[in-house]
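Colleague: Which chain is which? The protein sequence lines are A and B, in order. Read in order, the letters of the first sequence correspond to residues 345 to 628 in my numbering. Read in order, the letters of the second sequence correspond to residues 345 to 628 in my numbering.
What the hints contain is simulated information worked out from the structure, not anything from laboratory work. It is possible that some hints are incorrect.
Note that identical chains are pooled: a pair holds if it fits in a single copy or bridges any two copies.
Listed next, the in silico SDA-like pairs over lysine to any residue satisfying Cα-Cα at most 25 Å (straight line) [claimed, not checked]:
{"no.": "1", "residue 1": "Lys433", "residue 2": "Thr494"}
{"no.": "2", "residue 1": "Lys473", "residue 2": "Gly614"}
{"no.": "3", "residue 1": "Lys602", "residue 2": "Asp564"}
{"no.": "4", "residue 1": "Lys548", "residue 2": "Pro416"}
{"no.": "5", "residue 1": "Lys386", "residue 2": "Ala547"}
{"no.": "6", "residue 1": "Lys473", "residue 2": "Ala563"}
{"no.": "7", "residue 1": "Lys556", "residue 2": "Phe347"}
{"no.": "8", "residue 1": "Lys346", "residue 2": "Arg367"}
{"no.": "9", "residue 1": "Lys473", "residue 2": "Asn560"}
{"no.": "10", "residue 1": "Lys433", "residue 2": "Leu401"}
{"no.": "11", "residue 1": "Lys548", "residue 2": "Glu606"}
{"no.": "12", "residue 1": "Lys556", "residue 2": "Glu507"}
{"no.": "13", "residue 1": "Lys548", "residue 2": "Gln626"}
{"no.": "14", "residue 1": "Lys369", "residue 2": "Asp551"}
{"no.": "15", "residue 1": "Lys602", "residue 2": "Gly373"}
{"no.": "16", "residue 1": "Lys473", "residue 2": "Leu516"}
{"no.": "17", "residue 1": "Lys386", "residue 2": "Asp551"}
{"no.": "18", "residue 1": "Lys548", "residue 2": "Ser572"}
{"no.": "19", "residue 1": "Lys369", "residue 2": "Gln504"}
2 protein chains.
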Amino acid sequence: MKFDIVTIIAPGLLGASLAAAMREKGMAGEIRIWARRAEVRKACQREDWCDCVFDDLEQSVVDADLVWIASPVGVVGRIARVIAPHLRKGAIVSDVGSTKSMIVEQCEAALADSGTHFVGSHPMAGSEKSGHEYADASLFEGMPCFVTPTDQTENGALNQILEFWSLLGMELTETTPEVHDRIVASVSHLPHLVASALSYTLAKSVDSTWLKHAGNGLADTTRIASGSVPVWKDIIQQNREQIMPMLSSLILNLEEIKYRIEAGDADTLGEILEQGKSFRDQLN
Amino acid sequence: MKFDIVTIIAPGLLGASLAAAMREKGMAGEIRIWARRAEVRKACQREDWCDCVFDDLEQSVVDADLVWIASPVGVVGRIARVIAPHLRKGAIVSDVGSTKSMIVEQCEAALADSGTHFVGSHPMAGSEKSGHEYADASLFEGMPCFVTPTDQTENGALNQILEFWSLLGMELTETTPEVHDRIVASVSHLPHLVASALSYTLAKSVDSTWLKHAGNGLADTTRIASGSVPVWKDIIQQNREQIMPMLSSLILNLEEIKYRIEAGDADTLGEILEQGKSFRDQLN
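Given these sequences and hints, build the entire structure.
Modeller: Right under this line is the structure:
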């Protein structure tokens, strides 16, 4: 599989790693990078995974066979609207966003009459690091990836995107945008909010000299709270419909735990901890 | 530093690792192990860090110079009461419990007129593994350790316990039982409850086929929920006075996050995430 011209819009960790992986595997002739900031364009130009940089979004997609929108989820739809009139017929557009319902709806609407094909993707790769400077061609290897077609998705484009992620070593799951969003609300977005809420609580109450007494438990439990704030703020807003009931149920469970501790009901507290442990033990 | 006879009461991960470390460093002549269960006694007998096993708690401490109570925190006080009349004059008794106020109070009362010396310890070593089979002589190396004297603590005994942990490579902090309990409520017990509550919430709502879509974030955030339930049930009950206000404040913060998401107040949500991130970034 080789695309003549690939445009990557917004080279953060994922976009830049995509470029690096395509270059390494010879999957792209020309790799174009669009970045908003001049210093990012300058830095990308020095990388072997970037053939040319653009500051003009519309220009960057002209003649491209494949366009990756790797921006924060909150602006993917807007970018699709801007590039739509400038895409060549038959071009494939995909994204790497952590939410899917809103993005897929917005992109399908934006590209509806352009003769191009949108396919939603969500590669679950990355780390608490962010930015093109951490680009890693092996970032995707062995990690899970969602592809979320709808009844509007063109089959040929879908198959190309599936093949694309397979070549990068990802474990594919094809599902609807809605099911995707329910799953990630549980296994990703709720854990993120929990880590952030714990860190926020401790930020307000803990003397910083206490931190040297923290074992690995605190570091592990809060690790993802280090993630990029603009990225996560967007994700949470975009997937709030699925996140809200999970968050409510977490709060209720914490209230129950609090009540059991107050009441000295060690048996019920033990049952709660036991069910939590059984769930966690499945992950190893 | 070498003790002629050391008794370790209840060889879980910490007790067994203590025995292994003392043997490796030549810090003990005879190492005695008391265990409640016959199969544990049998298993310990095969280890080079165990010279003899006891099923009689009272007998196990006779003539011992140093006694480690390494049981779950809920029974440390009771064990101290049982062994008190059988200890030789001048013996030092310490523990490895994750809570201190209640334990120190109970042990000081139990040993008050016995001519022996109690010093509370809390080595913050361990993992989500539990049991003597994971004994590890290097478990303590470089990890934090509290020693919690009171105005009743004898100075010679305190210095010996401080030296003991130093020889095992631990980073020592001397503080009161109360300050210790406040610190661990924040950096250890609250994170544990959070990890358990998240796991418990997901246990009740997540289809287990979804777990293959989980990245490292979920695994990290819930890791400590795998800890021993009886151990943690005890810890939480023993330190509930310090834990309750932290738990209440966490719940309030989650309510605020929920409200900000519902209201679409991305700016305030972003500030909360930012403060959480700043706190977390200090830990690296």
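Colleague: Using 25 Å as the alpha-carbon threshold, which applies to Lys473 and Ala563: within, between, both, or neither?
Modeller: both (15 Å within a copy, 17 Å between copies)
Colleague: If the cut is 25 Å between Cα atoms, do Lys602 and Asp564 qualify within a copy, between copies, both or neither?
Modeller: both (23 Å within a copy, 23 Å between copies)
Colleague: When no copy is named, should Lys548 and Glu606 be tagged within, between, both, or neither for a Cα gap of at most 25 Å?
Modeller: both (23 Å within a copy, 23 Å between copies)
Colleague: Can you tell me if Lys602 and Gly373 fall within 25 Å by alpha carbon in one copy, between copies, both or neither?
Modeller: neither (59 Å within a copy, 46 Å between copies)
Colleague: Evaluate Lys433 and Thr494 at a C-alpha cut-off of 25 Å and name the case that applies: within, between, both or neither.
Modeller: within (20 Å within a copy, 79 Å between copies)
Colleague: Give the relationship of Lys433 and Leu401 under a CA distance limit of 25 Å: within one copy only, between copies only, both, or neither.
Modeller: Within one copy, since 18 Å is at most 25 Å while 83 Å is not.
Colleague: Is it within a copy, between copies, both, or neither that the alpha carbon of Lys473 lies no farther than 25 Å from that of Leu516?
Modeller: This pair counts as within: shortest intra-copy Cα distance 24 Å, inter-copy 33 Å.
Colleague: Give the relationship of Lys346 and Arg367 under a CA distance limit of 25 Å: within one copy only, between copies only, both, or neither.
Modeller: For Lys346 and Arg367, only the intra-copy Cα distance (10 Å) is at most 25 Å; the inter-copy one is 63 Å.
Colleague: Regarding Lys369 and Gln504, is the shortest C-alpha distance of 25 Å or less found within a copy, between copies, in both, or in neither?
Modeller: within (16 Å within a copy, 62 Å between copies)
Colleague: Evaluate Lys556 and Glu507 at a C-alpha cut-off of 25 Å and name the case that applies: within, between, both or neither.
Modeller: between (48 Å within a copy, 20 Å between copies)
Colleague: Is it within, between, both, or neither for Lys369 and Asp551, if the alpha carbons may be no more than 25 Å apart?
Modeller: Neither way: Lys369 and Asp551 sit 49 Å apart in one copy and 35 Å across, limit 25 Å.
Colleague: Given identical chains, is Lys386 near Asp551, meaning Cα to Cα at most 25 Å, within a copy, between copies, both, or neither?
Modeller: For Lys386 and Asp551, the Cα distance exceeds 25 Å both inside one copy (42 Å) and across copies (46 Å).
Hint compliance for this structure: hints 4, 5, 7, 14, 15, 17 are not met, and every other hint is.
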